[in-house]
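Trainee: Spelled out, the chains give:
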Amino acid sequence: MENDFSAAHAWQITSAEHMECGHMACPGCGASLSMRHTLKILGAQTVVVMPACCWAIIAGGQPTTALSVPLLHTPFAVAAAAASGVRRALTAQGKKDVQVLCWAGDGGTFDIGLQGISGAAERHEDMIYICYDNEAYMNTGIQQSSATPHGAWTTTTPGGKEFQYAKKDILAIIKAHNPSYLASATIAYPEDFYAKLNRAKAASGFRFIHLLAACPSGWKIDSQDALKVTRMAVDSGVFPLLEMDDKGRLQQTCKPENPISVKTYLQAQGRFKLMPENEIAAWQQEIS
Amino acid sequence: MQKQAILLGSDAIANGVKLCRPAVISAYPITPQTHIIETLSEMVDRGELESQYIKVESEMSAIAAVLGSVSAGSRSFTASSSQGLAMMHEVLHWFAGARLPLVLVNANRALGAPWNIWSDQSDSFSQRDTGWLQIYCETSQEALDTIIIAYKASEQLMLPIMVMIDGFILSHTMERLLIPDQQLVDDYLPAYQAPYRLDPDDPLTFGAAAQPDLFYELKKTFSETMSEAPTVLKNCEADFRQAFARAYSPVMRCPEGDEKSDTAIICCGAMTGTARVAVADLNKRGLSTDLLKIRLLRPFPKDELCAVCRDKKRIIVLNRACSYGVGGTLSQEVRAALYHLEQRPLVNDVMISLGGKEVFPETIAAVIENREELSSVDCNWLK
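Top line first, the protein sequences correspond to chains D and C. Note that my numbering has the first sequence beginning at 1, numbered continuously upward. Note that my numbering has the second sequence beginning at 1, numbered continuously upward.
Derived from the structure by calculation, the hints contain no laboratory data. C-beta atoms are modelled at their ideal positions from N, C-alpha and C, and glycine is treated no differently. Any given hint could be a false lead.
[What the hints assert, rightly or not] Selected chain C positions facing chain D (Cβ under 7 Å, derived; list incomplete):
#, residue
1, M60
2, A72
3, A86
4, E90
5, A210
Work the whole structure out from these sequences, hints included.
Mentor: Right under this line is the structure:
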């Protein structure tokens, strides 16, 4: 079900903003742009729940806030459970049309928060869970998570993450819970991003979207190249844009017009500088 | 109107919770608390209780789910015990810091290792510094009543309250008690009106980072509210007495004790019942002893305790929780409070039971009979 971007409904950006100026994100941060557009799609009738992650800082400290929708900060491991409670209270109050958006990084999703997400998914809690994945614990200073790809340098993988420890397949894990919507996306492919967020919004039950979000300081790239490099992740096949179809199969939604090699993607970033040639070749083999 | 019933402790608690009409309940099983959430689940299933019932996958999620629901403005309930309460620890701090009202029932049970499912108070005493009010109950009637009182106090203070029962000793035993009418409870406990909530029509951010000076000011305010808590609680207890004809207070003198005695036993929870029997017998035998029950552990009611201990020469504290390397946890609290008296009584720190070790009236009587042998410096473990 490749997206038809000529269709007017798939690709409209409202001028309404629910993320304000003055946020604390670094230049080129993929997570901040992702939030801005997510909220443009979900609208004002949204409650955001977030654990410890870059966004817990980006949103701003008291008495400021970057969001003009309600925001609940939670401890690291419990965002999905807290979002479940928010959802149930809103339901009890008859506010069924308010979207609950659980917004977490890869550490809070792939690692410490995974149990709570499994619980919320198993209960089919009516929420949209978005993991903005910048592929390491960037907020604490670039430590490896189970979303860090093999070969990547982080402060706890100083020689590059060993090849046997590939990035955890989060979509497969969530898919095993039979979610009502499941996709991967990135704001670097905005038409695809908008189409998917709109479909997630229209659905109900537990909806999960895995967003790839560049972190210039963690990926060792120039901030001006953040979107370009994120597009390269898709174009190289390292981060395919997927969506679960009616039969529960993950289908590619957006085939790169100009495919590139894995090596080209990796060479655009400082974090893969130490990755041996044979491992890059093996990675290419896996994708092809 | 109040209806007579003979109920299991856990059922009595579930009835108390039901009367408070929580909109959201999160539940995860752990012995000996499980009967409480089972009974609530049946009430929801039968349509007697209109609640969103969330069967979470851990205690960490149980407390987090109600963190979410109370933040969204709905009265909520959860229960736990032992390892489960320990697992909640991080969110317990967060809950109180967020100034959210909640009633959590903890069925007191030992913490491993080794595994032990029986009663002691190590689990909740370990959570003294989380910013929650803590109330310990002697009977199932007291637990049922305290839940109703606690919701009222919690929502006035905007602070969470932990209500303790001794696992098995109360949770798994039958008691004759009175269940108040719904109308009586509705009149006493109005529907919760959250001053702030997650509301898209009035968007606010909850829990954002606070810089050191602001953080300090917020904690100072928190501490000031805690200082007012005994008064607020006492007012709620007085209103309860008016409406339900049962009296409670942060520190309670037991009538079995001899008020004029210069020796007093201090304990908390269900063991007070055993101590009542022991003390009544001791007084009959001429071994004059007073008996004081600590109901409120946090904030510690130091003024109330000092008032009743002013003329005592010896205080014997019976502990069911240990701060290893120091001694009985309750003894530390009592000693710290009585330090402010000009004439400080001797305090004997007695570790009467851990991990469900049975306490008989004779166990307590033997401590009193041999009181001259007790150390007043070190913790006294039973021989």
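Trainee: Against this structure, judge whether each hint is valid.
Mentor: Going through the hints against the structure:
The criterion of a C-beta within 7 Å of any C-beta in chain D is met by M60 of chain C, whose closest approach is roughly 6 Å, and the hint holds. This hint holds: A72 of chain C has a C-beta 4 Å from the nearest C-beta of chain D, less than the 7 Å allowed. At about 14 Å, the closest approach between the beta carbon of A86 of chain C and any beta carbon in chain D exceeds 7 Å, and the interface hint on this residue is violated. A cut of 7 Å between beta carbons decides the hint on E90 of chain C: the least distance to chain D is about 5 Å, and the hint holds.
Taking 7 Å as the C-beta contact cut-off toward chain D, the hint placing A210 of chain C at the interface holds, the least distance being around 5 Å.
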